[in-house]
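J.: Spelled out, the chains give:
There are 2 protein chains.
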Amino acid sequence: MKRGIVLFAHGSRDPEWGEPVRKLAGILAERDTDASVVTAFLEHLPPPLEQAVDTLAERGVNDITVVPVFIAQGGHLKQDLPRIVAAIRKTHAKLSIKLAPAMGESSAVLEAMAEFASLASRGAR
Amino acid sequence: MKRGIVLFAHGSRDPEWGEPVRKLAGILAERDTDASVVTAFLEHLPPPLEQAVDTLAERGVNDITVVPVFIAQGGHLKQDLPRIVAAIRKTHAKLSIKLAPAMGESSAVLEAMAEFASLASRGAR
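Protein chains in written order, with the numbering used here: chain A, 79 to 203; chain B, 79 to 203.
The following block holds chain A by itself, in its conformation from the complex (with noise of 0.2 Å):
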């Protein structure tokens, strides 16, 4: 199996605000160098969902992982997301595609959001 990570993200009219999670996905590839990573957007900024699967697939990657870069699940998460995928994976039966609870699930997560939070109150950012 080859792995392939998906950092899907909400998007936004501003250009700007895929920096940061362009930037989370150069700390992924870095880290996890097994994986094949590629970012999505939902709304807004290129690509969609559809468009990241279909370049893994060409990379020959058969194990997906749509990881959502959202602070916490509500309608897109639980309505929008499993719809595209479901659509997707009618297109690719033959790609494992699962997908993983919002960031905000992450203890880790919350205890580096928290420290962040306390810093920028000192003025120690």
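What the hints contain is simulated information worked out from the structure, not anything from laboratory work. Owing to the predicted nature of the structure, the values given are computational and were not obtained by experimental measurement. All the given hints hold, so there is nothing to weed out.
Identical copies go unnamed one by one, so any copy, or any two together, can satisfy a pair.
In silico DSS-like cross-links for lysine-lysine, where the CA-CA straight-line distance does not exceed 30 Å:
| hint | residue 1 | residue 2 |
| --- | --- | --- |
| 1 | 156 | 172 |
| 2 | 101 | 176 |
| 3 | 176 | 80 |
| 4 | 168 | 156 |
| 5 | 80 | 156 |
| 6 | 80 | 172 |
| 7 | 156 | 101 |
| 8 | 168 | 80 |
Starting from the known structure of chain A, fit chain B onto it as the hints suggest.
T.: For chain B alone, kept in the frame of chain A given last:
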């Protein structure tokens, strides 16, 4: 100076959406015991930022940091938040209110997110 931190998140029609933000507030309050910590939301979930600042002011806080629990900076943080804060400053002239950057600006947060993504892909979450 008495410090306060507002964890300011987007919000969602889904009430569960606020849970990680409230969990983050709990972690932060335990970690930064000198600070009074509250949550606020831009849309759908209570309280709005104005009310969160009122709460801190009633507690005697005079040094407030608004920390956006957002992945990245788009229109909400570049336009909406400064406009809301400008209005709050008019009614709370004695308060110091500063704005922190989005969570995605923190390397430590991105590192924790990368670790989470890698573990999720390896099925080790």
